[in-house]
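J.: The listed protein sequences correspond, in order, to chains U, L, Y, Z and P. Under our numbering, the letters of the first sequence match residues 1 to 415, in that order. Under our numbering, the letters of the second sequence match residues 1001 to 1311, in that order. Under our numbering, the letters of the third sequence match residues 2001 to 2358, in that order. Under our numbering, the letters of the fourth sequence match residues 3001 to 3265, in that order. Under our numbering, the letters of the fifth sequence match residues 4001 to 4275, in that order.
What the hints contain is simulated information worked out from the structure, not anything from laboratory work. Treat the hints with care, since some could be wrong.
Claimed, not checked - Simulated pairs of lysine-lysine, DSS-like, Cα-Cα distance not exceeding 30 Å:
#, chain 1, residue 1, chain 2, residue 2
1, P, Lys4030, Y, Lys2129
2, Y, Lys2093, U, Lys410
3, Y, Lys2348, U, Lys115
4, U, Lys320, L, Lys1156
5, P, Lys4221, Y, Lys2348
6, Z, Lys3117, Y, Lys2201
7, Z, Lys3099, Z, Lys3159
8, Z, Lys3099, P, Lys4143
9, Z, Lys3159, Y, Lys2350
10, Y, Lys2129, Z, Lys3237
11, Y, Lys2348, Z, Lys3099
12, Z, Lys3099, Y, Lys2129
13, Y, Lys2348, Z, Lys3237
14, Z, Lys3117, Y, Lys2350
15, Y, Lys2350, U, Lys152
16, P, Lys4030, Z, Lys3237
17, P, Lys4143, P, Lys4072
18, U, Lys410, U, Lys48
19, U, Lys141, U, Lys115
20, U, Lys283, L, Lys1156
21, Z, Lys3159, P, Lys4030
22, P, Lys4221, P, Lys4030
23, Z, Lys3237, Y, Lys2201
24, Y, Lys2201, U, Lys176
Said to hold, decoys possible - Label-pair ranges, simulated between beta-carbon atoms:
#, chain 1, residue 1, chain 2, residue 2, range
25, L, Leu1005, Y, Leu2101, 34 to 44 Å
26, P, Arg4125, L, Val1163, 56 to 66 Å
27, Y, Met2298, P, Arg4125, 52 to 62 Å
28, Y, Gln2311, U, Asp289, 24 to 34 Å
29, U, Asp348, Y, Ala2181, 14 to 24 Å
30, P, Glu4248, Z, Glu3245, 22 to 32 Å
31, Y, Glu2349, U, Asn281, 55 to 65 Å
Even glycine gets a Cβ: it sits at the ideal position worked out from N, Cα and C.
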Amino acid sequence: SAYELVMPSFDYRTGPYAPNGIPFANGYHDYLMMLNERDGGIEGVPVKLVQCETAYNTKQGVECYEKVKDTDPSRALVVQPLSTGITYQLIPKASVDEIPVHSMGYGRTSAANGKVFPWIFNFPATYWDQAAVFVKYIGEKEGGMENLKGKKIALVYHNSAYGKEPIRTLEKAAEKFGFEFMPLAVDHPGQEQKATWLQIRKEQPDWVMMWGWGVMNQVAIKEAASIRFPMDRFLGVWWSGSENDVLPAGDGANGYLSGAFHAPGDNFPVHDDIKKYVYDNGKALGERDRIGEVLYNRGLIAAVYATEAIRNAMKMHNTKEVTPAMVRDGMEALDLTEARLTELGLPDFTIPVKITCDNHAGPRKVAIQQWDASAKKWSMVTDFYDTMNDIVDPLIEEDSAAYAAENNIKPRDCN
Amino acid sequence: MNPELLFFLETVIGGLMAGVMYALVALGFVLIFKASGIFNFAQGVMCLFAALALYDFMAPGGWVDRWFGFTFPVWAAIALTIVVMIILAWVIERFVLQYLVQQEPIILFMATIGLAYVLEGVGDILFGSDVKPLDIGLPQGASDWLLDNFNLYVEKLEVVAAVTAAVLVTVLAVFFQRTRIGRALRAVADDHQAALSVGISLRTIWVIVWSVSGIVALVAGIMWGSKSGVQFSLSLIALKALPVLILGGFTSVPGAIVGGLIIGVGEKIAEVYLGPLVGGAIENWFAYMLALAFLLFRPQGLFGERIIERV
Amino acid sequence: MFYREAGQFKTDYASDQALFPIAQDRWFVLAVLFVAVAVVPFFVDDYWANAITLPFLIYALAAIGLNLLTGYCGQVSLGTGGFMAVGAFSTFKLTTAFPELNFIVVILLSGAITAGVGVLFGIPSLRIKGFYLAVATLAAQFFLVWLFNKVDWFLNYSPTGQISMPPREIFGILITGPRAAPEAKYLFCLIFIGIFALLAKNLVRGRVGRSWMAIRDMDIAAELIGIRPLEAKLTAFAVSSFYVGMAGSLYFGVWLGAAEPIEAFGIEQSFLVLFMIIVGGLGSILGSFLGAAFITLMPILMKNFMVDGLQLAVVTAKHIEITMLGVLIIFFLIVEPHGFARLWQIAKEKLRLWPFPH
Amino acid sequence: MEGDRKFGDPILEVQDINLSFGGVTALEGVSFDILNGEVRAIIGPNGAGKSSMLNVINGFYHPQQGQITYKGKTRRQMRPHHAASSGIARTFQNIALFKGMSTLDNIMTGRNTKMRKNLLWQALYLGPAKREELEHRDFVEHVIDFLEIQAIRKTPVGKLPYGMQKRVELGRALAAEPELLLLDEPMAGMNLEEKEDMCRFVLDVNDQFGTTIALIEHDMGVVMDISDRVVVLDYGKKIADGTPEEVRADQRVIEAYLGVTRDDN
Amino acid sequence: MPDPEPAPNGALLRVNNIEVIYDHVILVLKGVSLEVPEEGVVALLGANGAGKSTTLKSISNLLGAERGVVTKGSITYQNENVHGLSPNELVNRGVVQVMEGRHCFEHLTVEENLLTGAYTRRDGRAAIQRDVELVYDYFPRLKERRKSQAGYTSGGEQQMLAVGRALMARPSLILLDEASMGLAPQLVEEIYDIVKKLNEKEKVTFLLAEQNTNMALRYSKYGYILENGRVVMDGNAASLLDNEDVKEFYLGVSGEERKSFRDVKHYRRRKRWLA
Ligand SMILES: Nc1ncnc2c1ncn2[C@@H]1O[C@H](COP(=O)(O)OP(=O)(O)OP(=O)(O)O)[C@@H](O)[C@H]1O
Ligand SMILES: Nc1ncnc2c1ncn2[C@@H]1O[C@H](COP(=O)(O)OP(=O)(O)OP(=O)(O)O)[C@@H](O)[C@H]1O
Ligand SMILES: [Mg+2]
Ligand SMILES: [Mg+2]
């Protein structure tokens, strides 16, 4: 019997966050199916996609993990928990089980430190990078970082571990650049935000950032439009920048900005292949006209990273029967250049990624995209910005050191 | 006007409006509780379900569209949804409540939890879990006139909600206090068996109440759905309706609205003025604490029926 | 035919007061215990431990706790999630502040701290009753979770907003942390919960339990025959919270290993435990176990059956699973509103009559 | 008949009790006493305030005015648990048993005030706690034997027929070993045979333990036969007080309560 | 009255060999049969727990609420099978039960309770109001308390209310379960006078479950005695009143004289008619 590459997919197609979980899961699924249909898998070895529904719930995530991790024949090659809560559960577990975890743009930021977290990856960027980039972008728009002094920047955040992520970075930045930082928490699920936006109306911040999720995003954007807050001064994290978030606000959302580490749209060659091999063959789970949505592309790029890591592993270990440990090696040596991306049908889709033993967060660059309400389209409006290493790096160092101390981990040597 | 004062006013108005929105959900609870002593955990899901059904009748891409190739105009969709809610009420009576006459409140409560699961699952299967922007032509956004002339921020949708709520509450209150059926409903809530013995048909009564409460759920679903899109989270607003319900009293229709206003204003003022001091997001527990504080003085809620304690 | 009390005479009240006065019951319980202690550990792997047995046992403990309060004393509580959080955070703070402290002591202390908090939030129960009381406990729920989320001291100033459990041993065997053996975790929880279930059973069949039930069934009459509502309700809150706190401690420490206050201890948690005791049987220790089994295992069973067995798409399976869970809850309530424990009792009674009808 | 029955000092005196609820006056200036060891009946038409009187005596209702002297101590009102622990036990007109509990457990609750062992001991159910439990169980079994309800020992009381429930309620009150036993219509809903049994229980308790008994009852046969003295209330006021014979002959009582006797037609 | 001599009536209600099981396991009625003739007053007697209330509840179909089911036998009313008919349908056909233990609607006022009793009636407000006044005539005490919540009335007042509420439906068959319980002696008489009056004037049929045997047999025409879920004896009221066993156990007149309660020196060992 032929070897198969087990790739679990932790979906959440039910529960309060399903609207976001569905496109992501579809993107992930479609890309892998496309590989199977077009190339017979990765380097000819078929991918066995194991779906498991977590409903974005930590406990169900744990159950999924335990259920899929030892799936024959290869065991789970790489796990994408798709929820910060689940990621935290899996960090210690997967490290013991020796299964690589890729929390792409979420999870524990300090996992960027590969020395402390040999099994955890969070490239291409972390929340702290995102926060830093927002500050940079604002500085640029204000005509220079020095002009940040005396400005007021609010953060509307989901009152959870996820939402609280950028606070430290922003506090540090506020200290450094002299702007006033104003955090405003919104409770789950976030249907009622009147108080928050009344405060914003009163305090009149110059900029508002948002770390939101699910229905909270939609309501926030609507409220912002209602109080006539200028949309081009309203920045959402990459999880607050999908079609779902802006569509309900209609024209009011026009000009809204969000972070991104990949392009939106379905006009890349890979999408054509997906339509041809997956949709035309009736293997799709989603609807054709939703291909290329922001979260769809995010699922797709996650699949690309994972499969490239597997390809890498095959090359490095010179076998087609890779194991999770080999995939970890493959991931640690990932070098996804623009040329390779073009080969994959993703020209100009995202920035190149290079992972090393000690850097599991990769390039840590973020771009900004903007919503055009009349065309109902997102489009990238900036280049990729670098993070602010002087602010973020010490934070990563500090937190990973704390983790290492708490758990008696001796950071490995990466040379 | 003094900007501080203006802002305070704005907060109060915002609170009142939010309160009305909660009250719409709370109202559905009250109806069912008053008429059968059932604490209907599924009320939130019923709002969701109603909104989903409504969306499906009128939006392109829904079942109706796919099967028959056309969609209904708003008014027809609303009428059809009402029919759906009535059928739902009938089904609930036929397959659940009928068997649970004279059980303790907590058992009935549990049954409605089962119901919530069923509705959620069926809703998911039928309509999918995507966000559905609901637009039945209600005005959206802030009132420009108030914003331009008085620098006062008031959502138009919420004004509509307030008017609707006022009408609903008046009609329902009259219905309960003045009519034969209203009296029968209260009798049923007191003692199922005795109600049966005087010839009240629990089945009819229950179908009526659950239908009415389904219609109220539709109204709440429309308002909240217009505000934040129709999606699963809609069912969670029930949690915001709870303190309202408790404060107003489980058995009082006007209580739902007064409770809503108090909670709305209270929590907004707390969040805006107190929140920043302690780190924010205190709205939720504050609403409950507020309700608790009232209960300590009136254990049956502001307008609830006195709890009879006798030996 | 075989299940009879006949011929088993009790000569003193002590044996009549025994937990399982009928010999057949005693044998049955012993057999179950034997399997649980001596057979199951050989089959527990990570999946069985983390996805099945630990959730079941730990929720059973929480359910016993809530059942003492709601099922026996009649005070509806929706604060279970919040109280579990108190237990979990106490464990986290204690075990990080005093790494040398024995883990069992940590659990007990966490329970004790939770008991204190529980009593505090139980005070309104003296005036507020029924579903109205749910508000007091909901206030506790929302407030506690908010507190743990907001105050960094509880999180040891971790920037991640999460707490994670350091590895701890008992008698040289690792119990917490990712490296703990599944059978060790399982056995530890089993023994712990077994002991506390027994203690709970003792409590409810003695004076304290009777005064709780009296308050539940008719608080005014109870007061008039000399049961002090204050004392009875607050002890119920204390003991219940003690159990729930320990459950929270195990939930975080042994099972999850890491937790974020908002998600792990949210309101859903409170509802879940409440469902367990209602479906299992209010006022029954056995019911707490049955309810926990139903609510934790049923979804997994259905999911595995539909996805692995019927090869249904994962989403469809999930939707059907949610629907079916609801249908089953309703179904069982209709068959027997007083829960599985009662069904079990009726089954035994029928067995006693069998094969002669009446 | 009461010639050979001797009573001590008053165990309880109520003086000038006024009780009203909103607009409704339930009791108005009622005073009477109950002597140690007697069987005292309280009668009167429906809604006269009899049950309210018992509620005042054991502290469930707080009178607006008046005094209660119990065992020499005078106070404005009782507190329920105080009444219970100082030896006043009662049964209720609308049965107030703990429906979810067995007969045995219900009667055991009557011993609650007498049990001491704390929570921890009980959880362990070892040594002292177990001993205490068994001691009280022993006492309760005597009550059960006395009332002849052995067969329903383990039945949840909610399922018992009405008359049995009344008997269990009496058992619960007896288990508290009261000095003053208040019975609110203990024989309502019983047939003659059962009433006879009940009377016997009441008289035996009174005889054997010297328990003082206050009894509300509408069956005049019972009242006439077993009570030593009778108070008659009407519209919240005391209209007569005396031996059964005196009361039966009282014109006001006949008008307000007994009606024209129709034994002859 | 058009019909001076009440003709020998057919059976209005016929209960045929019914068996009732509570909670799946508790067998309570073990084959009870009885007949209630049109315009009759029939008494159902028996000790505590004999199954009187259960019989009545099976007729009015109120058992379901207590998880009881009629597993065998049939019940016919006006020669139609009514077993399984919903309680409200039965009320519509004129069968009303006064339940044991009062069961008033606590939160409704006394007057609202009475009005609820007329729920099934369609003959207009005025007629209903007339009947409310009639009930107040029977029970003046209720009139005094008309505005207070039923939950706060005294036991006896609630009992009057329960009876009054049943009358409000203008039924043709009333099942009275321990109607005289907790009522002052005058009122007991009053209730039976009402029974008599309604029976004679309005042709209402009664089935009475009673502990007060003496009273019940004096006012009824026929009686059944239930023991342990079985009918052990039945007959004309007069013959039952004459029966030695009935005298001894239900009327307390052994020999000639009524004994004093004080003189009963031994608890009675209950005599069973049937093993
Ligand atoms: N809901 C119930 N569940 C189980 N058993 C019941 C239930 N209701 C009544 N019973 C049993 O059925 C038997 C008959 O009860 P029923 O109430 O019919 O007696 P009764 O003749 O009316 O007595 P009473 O004169 O005391 O009212 C009793 O033994 C009682 O224990
Ligand atoms: N808590 C209360 N609130 C309002 N009214 C009350 C309350 N308790 C009693 N009453 C009223 O006080 C009066 C006396 O009631 P009580 O129960 O003492 O009567 P009773 O003499 O026991 O009558 P019965 O023989 O019918 O039991 C009644 O009219 C009753 O309605
Ligand atoms: Mg009374
Ligand atoms: Mg009866």
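J.: Going through the earlier hints one by one, which of them does the structure break, listed in rising order?
T.: Hints 1, 3, 4, 5, 8, 10, 13, 14, 15, 16, 17, 18, 19, 20, 23, 24, 25, 26, 29 contradicted; others consistent.
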